[in-house]
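A.B. asks: Under numbering that gives the first Met the number 0, the residue at position 265 of the sequence shown is numbered 264, and the numbers go up by one with no gaps.
Simulated from the structure, these hints should not be mistaken for lab results.
Some hints here could point you the wrong way.
Pairs of lysine-lysine, DSSO-like flavour, derived with a Cα cap of 27 Å [stated by the list, open to error]:
#1 K290 with K201
#2 K239 with K53
#3 K248 with K201
#4 K74 with K290
#5 K235 with K28
#6 K239 with K74
#7 K74 with K201
#8 K26 with K115
#9 K220 with K290
#10 K248 with K351
#11 K235 with K248
#12 K239 with K351
#13 K351 with K290
#14 K239 with K201
#15 K53 with K74
#16 K201 with K220
#17 K290 with K53
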Amino acid sequence: MSEAGKNGLTYSDAGVDIDAGNLMVEKIKPAVRSTRRPGADGEIGGFGGLFDLKAAGFTDPVLVAANDGVGTKLKIAIDADRHDTVGIDLVAMCVNDLVVQGAEPLFFLDYFATGKLNPEQGAAIVLGIADGCRQAGCALIGGETAEMPGMYRDGDYDLAGFAVGAAERGQLLPTGDLQAGDVILGLTSSGVHSNGFSLVRKIVDVSGLSWSDPAPFSDGKTLGEALLTPTRIYVKPLLKAIRETNALKALAHITGGGFPDNIPRVLPDHLAAEIDLDSIPVPPVFSWLAKTGGVVAIEMLRTFNCGVGMIAVVSAENAQAVTEVLNREGEVVVPLGRMVAREAGAPGTIYKGTLAL
């Protein structure tokens, strides 16, 4: 019998499977519970997520919000059929933007849209989101799963994340006392993180490699697995350094736009960041991308993090104390440069030395 001859159409006939959505919710509930923290004790499934700022220990907080996605890194996850890490990327891209303002991430919400819901795939993604939330110390208090046949091809999906954090009034970054001579510290990245993947995919296409081939820059991993290495979450070490030393003046998350676009966002107009390129420990993935794609150093620096995912600005006398706290918390810190006077109209980031590609 044709669809038109049936005794009434159903939502399932239109391509939306409510039962699959309910099954996914049941699969993710334990992972969501694992992200509970003071202030967030509710169960998912309601119409909105609740958070109690007083229970979280704040007295006079300023809220800070951020949202982001994972970009075309998702295409690699889809093509390589590996979905367990992109949720970490989603959280990282949001919470790293909160901590640069001195805020503690409190809660997170996700949006997952797909053409045809696969509960196993969806659960793997949300388990990654929960992993990222645990790393950041924030609660996953809600989200939306949208099955939209006709909007996405089978297997394709998109992700968006929304994070809210808080800082006590008067403790936001950057501070107002940045000056020439302040030291710039670089916190190393875990790899490409979640920016520049349209160029990455173009370079992989040029290379002729498939996602299942051995990665030329990472022993024991396939190319897809190596490029899906999740974005590093810097939240807990940076909050520790902020609270223990009270010495951080500014932080910048090195995302799309690299050094020249992201560092000046936290600087006053009269200062520039002088970056010593010789000090950057460039991971092999960036050397491979540059060589295979013929990408020049200046383009690498404005597209990728090139090995430094976060920068911190501190006074020279506090650089050692901040470095020691970050090292103790598992970060690899490099002296990246210093603040210098900037003339009107001059760029906010200047370089010396050579990037070791």
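A.B. asks: Could you run down the list of hints and mark each one as holding or not?
C.D. replies: Going through the hints against the structure:
1. With a CA separation close to 13 Å, the supplied pair K290 and K201 stays within the 27 Å bound.
2. Taken as a hint, the K239 and K53 pair is honoured in the structure, with Cα atoms around 21 Å apart against an allowance of 27 Å.
3. Between K248 and K201 the CA atoms are separated by roughly 38 Å; this puts the pair beyond 27 Å, and the hint is violated.
4. Taking the CA atoms of K74 and K290, the gap is about 23 Å. The hint holds against a cut of 27 Å.
5. Of the pairs offered as hints, the one joining K235 and K28 holds, with about 24 Å between alpha carbons and a cut-off of 27 Å not exceeded.
6. Under the criterion of a C-alpha separation no larger than 27 Å, the hint pairing K239 with K74 is inconsistent with the structure, at around 35 Å.
7. Distance check on the hinted pair: K74 and K201 sit about 12 Å apart at the alpha-carbon level, within 27 Å; holds.
8. This hinted pair checks out: K26 and K115 have alpha carbons roughly 17 Å apart, not beyond 27 Å.
9. The suggested pairing of K220 with K290 holds, with an alpha-carbon distance near 20 Å, which does not exceed 27 Å.
10. At most 27 Å may separate the alpha-carbon atoms for a hinted pair to count; K248 and K351 meet this at roughly 23 Å.
11. Using a Cα cut-off of 27 Å, the hinted pair K235 and K248 holds, with the two alpha carbons roughly 17 Å apart.
12. Taking the CA atoms of K239 and K351, the gap is near 31 Å; set against the 27 Å cutoff, the hint is violated.
13. Distance restraint check for K351 and K290: the Cα-Cα separation of roughly 21 Å lies within the 27 Å cut-off, and the hinted pair is therefore satisfied.
14. At roughly 39 Å between alpha-carbon atoms, K239 and K201 are farther apart than 27 Å, so this suggested pair is violated.
15. For a cut-off of 27 Å, the pair hint linking K53 to K74 is broken: about 41 Å separates their Cα positions.
16. Between K201 and K220 the alpha-carbon distance is near 20 Å, which keeps this suggested pair within the 27 Å criterion.
17. Of the supplied pair hints, the one linking K290 and K53 is violated, its CA atoms being roughly 53 Å apart against a limit of 27 Å.
Of the numbered hints listed earlier, those contradicted by the structure are 3, 6, 12, 14, 15 and 17.
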